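A.B. asks: Sequence:
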Amino acid sequence: MKEIHKRRKLRNPFANDPLLRKGGVHEKSRKARRAADKRELRNKVMNRDDSSPCSFVVSLSVIGAHL
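In the numbering used here, the protein residues as written are 13 to 79.
To be clear, the hints were calculated from the coordinates, so they are not data collected in a lab.
On a predicted model such as this, the values are computed, not experimentally measured, just so you know.
Just so you know, not all the hints are guaranteed correct.
Said to hold, decoys possible - Computed list of lysine to any residue pairs in SDA-like fashion (alpha-carbon distance at most 20 Å, straight line): (1) K43 to R54; (2) K56 to E39; (3) K56 to R45; (4) K21 to V37; (5) K50 to V37; (6) K43 to N55; (7) K40 to K21; (8) K14 to F26; (9) K43 to N59; (10) K40 to R60; (11) K40 to R51; (12) K40 to F26.
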């Protein structure tokens, strides 16, 4: 006997459209941007060429290091 294949039910093209718009480049989250800013600040402070005696204390307070 020959098999009878059922046709797929057609989908509403207007309902699919919003799903297709979700693709593309995504932005970084606010948390990721803040973490990157903190890393950048920490690197700038640690790589600073300043030999004054209080620069070490200031850099520790900016970084948030706990002694």
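A.B. asks: Now tell me if each hint is right for this structure.
C.D. replies: Okay, the hints, checked on the actual structure:
For a cut-off of 20 Å, the pair hint linking K43 to R54 stands: about 16 Å separates their Cα positions. Proposed proximity of K56 and E39 is contradicted: the alpha carbons are some 25 Å apart, above 20 Å. Straight-line distance between C-alpha atoms of K56 and R45 comes to about 17 Å, which keeps the hinted pair within the 20 Å bound. Under the criterion of a C-alpha separation no larger than 20 Å, the hint pairing K21 with V37 is inconsistent with the structure, at around 32 Å.
Restraint check: the Cα-Cα separation between K50 and V37 comes to about 24 Å, which exceeds 20 Å; the hinted pair is violated. Between the alpha carbons of K43 and N55 the distance comes to roughly 18 Å, so the proposed pair stays at or under 20 Å and holds. For the hint linking K40 to K21, the alpha-carbon distance of about 38 Å lies beyond 20 Å, and the restraint is violated. With a C-alpha separation of about 36 Å, the suggested pair K14 and F26 falls outside the 20 Å cut-off, and the hint is violated.
Proximity of K43 to N59 is assessed by CA-CA distance (about 24 Å); at most 20 Å being required, the pair is judged violated. For the hint pairing K40 with R60, the CA-to-CA distance comes to about 28 Å; that exceeds 20 Å, so the pair is violated. As the CA atoms of K40 and R51 are separated by approximately 15 Å, the hinted pair is consistent with the 20 Å bound. For the suggested pair K40 and F26, the alpha carbons sit about 30 Å apart, so the restraint of at most 20 Å is broken.
Figure legend: structure checked against the earlier numbered hints; hints not met, in rising order: 2, 4, 5, 7, 8, 9, 10, 12.
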